[in-house]
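**Q** Here are the chains, one letter per residue:
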Amino acid sequence: MSTDLQHRPAARPDKRPRAPQAPWRSNIGLKIAMAVSGILLVLFLIVHMAGNLHVFEGRESMNDYAHGLRTLGEPLLPHESILWVLRIGLIAAAAVHIWSAVVLTRRALAARPVRYASKKPAKGESRHAVATMRWGAVVVFFFVIWHLLDLTWRTVNPVKDVPDAYGAVVATFSPERWPVTVFYLLALAALYFHLRHGIWSAVQTIAGPNTKWRKRTQATGLAVALIVVLGFAIVPLSVTFGLVN
Amino acid sequence: MKLSLRIWRQSDAQAEGKMVSYEIDEVSEDASFLEMLDVLNERLIGEGEDPVAFDHDCREGICGACSLVIDGQPHGPQAATTTCQLHMRKFKDGDSIDIEPWRAGAFPVIKDLVVDRSAFDRIIQAGGYISAPTGTAPDAHAVPIPKQDADAAFSAAACIGCGACVAACPNGSGMLFMGAKVTHLSLMPQGQPERATRVLGMVAAHDEAGFGGCTNTGECAAACPKEIGLDVIGKLNRDFRKAAIRAA
Chain G
1 MSTDLQHRPA ARPDKRPRAP QAPWRSNIGL KIAMAVSGIL LVLFLIVHMA GNLHVFEGRE
61 SMNDYAHGLR TLGEPLLPHE SILWVLRIGL IAAAAVHIWS AVVLTRRALA ARPVRYASKK
121 PAKGESRHAV ATMRWGAVVV FFFVIWHLLD LTWRTVNPVK DVPDAYGAVV ATFSPERWPV
181 TVFYLLALAA LYFHLRHGIW SAVQTIAGPN TKWRKRTQAT GLAVALIVVL GFAIVPLSVT
241 FGLVN
Chain S
1001 MKLSLRIWRQ SDAQAEGKMV SYEIDEVSED ASFLEMLDVL NERLIGEGED PVAFDHDCRE
1061 GICGACSLVI DGQPHGPQAA TTTCQLHMRK FKDGDSIDIE PWRAGAFPVI KDLVVDRSAF
1121 DRIIQAGGYI SAPTGTAPDA HAVPIPKQDA DAAFSAAACI GCGACVAACP NGSGMLFMGA
1181 KVTHLSLMPQ GQPERATRVL GMVAAHDEAG FGGCTNTGEC AAACPKEIGL DVIGKLNRDF
1241 RKAAIRAA
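Protein chains in written order, with the numbering used here: chain G, 1 to 245; chain S, 1001 to 1248.
Calculated from the structure, these hints are not laboratory results.
Label-pair ranges, simulated between beta-carbon atoms:
| hint | chain 1 | residue 1 | chain 2 | residue 2 | range |
| --- | --- | --- | --- | --- | --- |
| 1 | G | Ala131 | S | Ser1011 | 34 to 44 Å |
| 2 | G | Lys123 | S | Lys1018 | 19 to 29 Å |
| 3 | S | Arg1059 | G | Leu109 | 30 to 40 Å |
| 4 | S | Glu1042 | G | Lys212 | 47 to 57 Å |
The following residues of chain S were derived to be distant from chain G, with all beta-carbon distances above 12 Å:
| hint | residue |
| --- | --- |
| 5 | Ser1028 |
| 6 | Glu1029 |
| 7 | Lys1090 |
| 8 | Pro1144 |
| 9 | Lys1147 |
| 10 | Ala1150 |
| 11 | Leu1185 |
| 12 | Gln1190 |
Note that CB positions come from ideal geometry on N, CA and C, so glycine has one too.
Just chain G, same shape as in the assembly:
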């Protein structure tokens, strides 16, 4: 054919010369950081979801649980000390997770500078992930900000009395504040797709299972995603539809 490879231009020189990268800064290194921090965040979500279910035991039980988190380790340790250790760990995990995601996403966009004119639907093992992971992450990020303003700092919650966790939950998901519940459920939908892919993807990145165990990990990720999301969804739905008030 007409392609005379002997006269082709030399391979494009790399745009910016870089020092040989440290392994942890490589794509796989950053992905491992994302996987480890992601698993810590999933463990937090499971504990948080289970804790939320105290709402079905009534106002006293829910508020005792919230109080218990603050007084954990007392009188041996100062007030809220354990809680703050957990909070700092959680903030660190979230920071590592978001930072590695931003770096890897920027590299991925640079690695695919030209789009195809002809687009076919994804057909890989995790086809839903292509469209949902990054956008879903942005939805979850904004939800977390709202969630902190609503139920942690109470800035946008009618119940300013911090010890009354039960009252704050009932007030924020009341039927007349239905957009709050809708946003909560939307964020949970994004979280479902994020966990469904993220859990098995983290295991693939850290442990590298064979095909049989990869399929098992995918099934486990799906089950955990469903349990976590349904466990979270049942609380606002119960309040909005008057089962908890």
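Since the structure of chain G is already known, use the hints to place chain S on it.
**A** Positioned in the frame of chain G, the structure of chain S alone reads:
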């Protein structure tokens, strides 16, 4: 068969390219996809036009030279098939077909549908040598290798380095290719002495070439004409983690 083609035309690496439409008549359904392009090129040459440049070599599905993203799918719609082994009977009379080059920052277009895949060679070079005795061939079965390891290594070694995995990946990642190369040697006793330096070197060369990271979407494995699975990426991740921790 009568077909409407839309083909990416780009006169050289620096030029702006665009999709150009061609109508083609009397295509035999027994023709391979590349033969259909040969027929088009004969006509273009006869008309004094520049023929469409595309990569090809063995046309037997084993060399890894042919590429082409056909209707958005690397190597076209048929699973486990290279473009040269794709036949026109897979298409219908009157179909319109889009033909584009591999799209990845690490695979710059040289002309039309031909891309520079030397980034893959740089990854292989960065992997280095294996320590193996030279001289007469060793006796068969002198080095015992478990059957399942031999089979898995052979499956990984089936990679022809065509780059369809990169073309299919939404992140332009070369991890399936690199995973196949790392896996086929790390399962063999001959691959053990340089196992750690090989994976560290290849990963650095992969990132340096501008390939993106893996997000485990599985698009690569779905596009691979040799049906290499995501398990090789898992093995690559594991080998890299162990080597990086030991090197630290």
